[in-house]
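According to our numbering, the residues represented by the sequence shown are 138 to 733, in order.
Worth flagging that the hints you see were computed from the coordinates, not collected in a lab.
Among these hints, one or two may not hold up.
As the list claims (entries may be wrong) - Derived pair list, reagent style DSBU-like, types lysine-lysine, alpha-carbon separation capped at 30 Å: (1) 302 / 421; (2) 438 / 416; (3) 281 / 548; (4) 349 / 319; (5) 438 / 283; (6) 519 / 474; (7) 319 / 283; (8) 439 / 302; (9) 420 / 552; (10) 319 / 573; (11) 438 / 553; (12) 645 / 681; (13) 435 / 395; (14) 277 / 325; (15) 435 / 356; (16) 357 / 395; (17) 494 / 277; (18) 416 / 474; (19) 552 / 435; (20) 366 / 435; (21) 474 / 494.
As the list claims (entries may be wrong) - Distance windows between CB atoms, simulated: (22) 674 / 376: 17 to 23 Å; (23) 712 / 280: 32 to 38 Å; (24) 399 / 710: 21 to 27 Å.
Where is the CB? At the ideal position from N, CA and C, for every residue including glycine.
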Amino acid sequence: MVVSHNLEIAKLCADQIVHIENGAIEVKVFEKKEKNQEKESKNYAFDTKTSKKVTNFLSKFNTGFLLVFADLRTKITTFILLILTFFIFIGGSVLLTALNISAKNLDLNRVQQFNIDSIGISRPILRIPFSKEDEQELLKNNPKIKRLLPIYTGVNNLTFFQNSKIAYNNLIAPIDESDFFKNRIYSKEIEGNFIKNENEIIISEDVINEFKIKNPLGKKIPIVYYGEKEQKNKKNNNYNINQFSNIEATIVGINHKKEDNKYALSYLHHNLIRTIIEKEYIKKHSSNPFSSISWINKNYKKIRIEELGLSESGGENTISEFYYENQPEINKLKLIKGEFPKNYDEIAISSNIIFNKKHSEELMGEFLESNTSLPFQNLVFKVVGVFKTKEKINIVDVKTSGVVVFNHQVKEFEKKLRPNSIQLFFSNDDLYQNMKNFEKNNPHFLITGGPERILGLLINAQIILQLILFGVLIIFSIIFFIFIGFFARNLSWSKRKTVAILKSLGAKTKNILFYHWLDLLILSFVVLFLGFVFIVPIVPEIYKGISHQDFAQPSYGQITMVFSIIWVIMFLILTLIYVVSSLWTYRKTVVKLLKN
């Protein structure tokens, strides 16, 4: 091939002349007829055949692919290594990203089995439990909550008693008699019936086997609260029933379904659990109710944990005496402002009580809290009245002691256990979003559980594996970028004469870069195809293996999106490398390119 701008020389020497102008190609074919062999260069007659065609994008693309395949045939080993490195790098990137996103492909049966469609909530101020009004408000304001279950501190200390022994192979889960839990847990692996009231239980087959109970259905069994002493002294399993807080319940079902290949759960009504723990607290942890009173922020129900100190800075007063509004003793008390309490959550205070440098009359409408007989069961009261005490009432220290009046209904709560935590079960129609919306709208709660948190804990437990994966990914990324740099450099150098010819023919810079870029395009699309065939289906299974669970994995849609985004980012980076390398070659003169 001769490249020339001298048309006469071209006509003299050429078999074909190709004119390129304005996107059109004109080809003239010359057939030589010999006249004088001695003067060969000048004595030829020509028969000229001319063909003309207009180039389009498709013809340019076909030409480009022909050039690309010619390049790849000469560099097939390098090309295969590049594909392999690119594939491993992008596959590792997708896996590492997948481990840190929400796995939205849930096995709902397994999710319900492990109660993962629920979250636990509690307040930063742990000593103030949830009331019935709080529970009703939660259900009213959050229609996606399907069921609410009160959780009592101490449920893990409950077990069964038989023949002077307590059962150690035991796990207890709270439920109620509703169809929600019946449909949720009742299956062919539960023998017998579902509970109909709080005095009936479904017991674990492990407890039945441990106690060797024959024909257990219909029999009664004591449930006891055992403390640290009994937990540590498992070898001496010989006890008297009277040393435990206990209550009897009727066995109506037997659960044969193992949890995580360990024990089957025993199911108890949450009211039964509350009754046993109440007995234990009253027996061993009871104290005098309403012995002190302290100021609390009126927004205590929505205080965030970072605001906790600001809500409890009002100091504490000792309650020297307290009365109920229906006692005759209140006739000794003269109201200065407001009224005596009409509801269980209201309080009237003596005029000597001071909080936050506010005198008693200035505390009208503020909130105060006081202890009950049980630990972590404080009650909150709204100040509705202030009274002046007569001299007969002995106030030891007017700065730290005071007299208060409660409504008589508060007696009901003196020794009543209320839940410090609540378990919320959400609708499964869009489980992740339902939970996220609740967390967004209720940032003041301390929240545990849910598929995202549990998966996070499981995956974070494999931190060493993730670090190894990240290290391997870094190594492969370095190798890949070195490979791609050398490949682009060598490809540009091997194409230097082609570049020179294209420049001589007046080819535009973008066209030359386009022909170079086609190599990368084919390489990237091969990886894209292999990724959809192998990476997208395999990554979710690897995810389950790493997290050691089978209830959740990233959906194929999630993996496809992650893979596509990473592929596009890598493609753009590689395009930049290719363009820079090609421009480095293109900037040389035609003479230098042809001489090298």
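Here is how each hint holds up against the structure:
| no. | hint | in the structure |
| --- | --- | --- |
| 1 | 302 / 421 | holds (21 Å) |
| 2 | 438 / 416 | holds (28 Å) |
| 3 | 281 / 548 | violated (35 Å) |
| 4 | 349 / 319 | holds (27 Å) |
| 5 | 438 / 283 | holds (22 Å) |
| 6 | 519 / 474 | holds (14 Å) |
| 7 | 319 / 283 | holds (14 Å) |
| 8 | 439 / 302 | violated (45 Å) |
| 9 | 420 / 552 | holds (11 Å) |
| 10 | 319 / 573 | holds (27 Å) |
| 11 | 438 / 553 | holds (20 Å) |
| 12 | 645 / 681 | violated (52 Å) |
| 13 | 435 / 395 | violated (46 Å) |
| 14 | 277 / 325 | violated (35 Å) |
| 15 | 435 / 356 | violated (50 Å) |
| 16 | 357 / 395 | holds (23 Å) |
| 17 | 494 / 277 | violated (38 Å) |
| 18 | 416 / 474 | violated (40 Å) |
| 19 | 552 / 435 | holds (25 Å) |
| 20 | 366 / 435 | violated (41 Å) |
| 21 | 474 / 494 | holds (19 Å) |
| 22 | 674 / 376: 17 to 23 Å | violated (56 Å) |
| 23 | 712 / 280: 32 to 38 Å | violated (50 Å) |
| 24 | 399 / 710: 21 to 27 Å | violated (49 Å) |
Hints 3, 8, 12, 13, 14, 15, 17, 18, 20, 22, 23, 24, counting from the list given before, are not met by this structure.
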